[in-house]
Amino acid sequence: MDRETIALNEFIGNRIQEIAEDAWENHRVMRITGENGRVIQLGSGAVWERWTCEADHGFGPCHEPLLTLDQAATLVGQPVDFCLISPAMTPIEIQVLDESYGFQLTELYHLSDVVTEFKKAQG
1 MDRETIALNE FIGNRIQEIA EDAWENHRVM RITGENGRVI QLGSGAVWER WTCEADHGFG
61 PCHEPLLTLD QAATLVGQPV DFCLISPAMT PIEIQVLDES YGFQLTELYH LSDVVTEFKK
121 AQG
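In this text, residue positions in the sequence shown follow UniProt numbering: the first is 1, and each later residue adds one.
I should point out that these hints are in silico values taken from the structure, not numbers from a laboratory. Idealized CB from N, CA, C, for every residue including glycine. Heads up, a few of these hints could be off.
[Stated by the list, open to error] Label pairs and their in silico Cβ distance ranges:
#1 TYR101 / GLY13: 16 to 24 Å
#2 GLN17 / PHE59: 26 to 34 Å
#3 LYS119 / ALA7: 45 to 53 Å
#4 GLU18 / GLY77: 15 to 23 Å
Sequences and hints are given; from them, build the entire structure.
The structure is reproduced here in structure tokens:
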């Protein structure tokens, strides 16, 4: 009996592509692939850019890096369960692939909101 099977890597790749297409369609959020991102450093923390905002917030395309909640926590120096109190830009819910837990729901925050939170934490 012949059965068509999909390799796990192919399934994961397809799901990541679907998430990226949905993020673009609904939020104008672009996925940064491979080595095309940049290192974002704030204080003593650094993360790799994986998403960028291309939405027009009234001044043309934004082009600002978007950070997951885990990345924001790393840069602000807070535990992973922290949240940004009052971001200027509405966070975007999205699924990301976590190497330990699989696909997880998270929020994307504009870098400017994370920088504001960092400055508040610094006093």
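We went through each hint and held it up to the structure:
About 18 Å separates the C-beta atoms of TYR101 and GLY13, a value consistent with the hinted range of 16 to 24 Å. A hinted range of 26 to 34 Å holds for the C-beta pair GLN17 and PHE59, which are about 30 Å apart. Under the hint 45 to 53 Å, the C-beta atoms of LYS119 and ALA7, about 46 Å apart, fit the expected range. Against the hinted window of 15 to 23 Å, the Cβ-Cβ separation of GLU18 and GLY77 comes to about 34 Å, which falls outside the hint.
Checked against the numbered hints given earlier, the structure breaks only hint 4 and satisfies all the rest.
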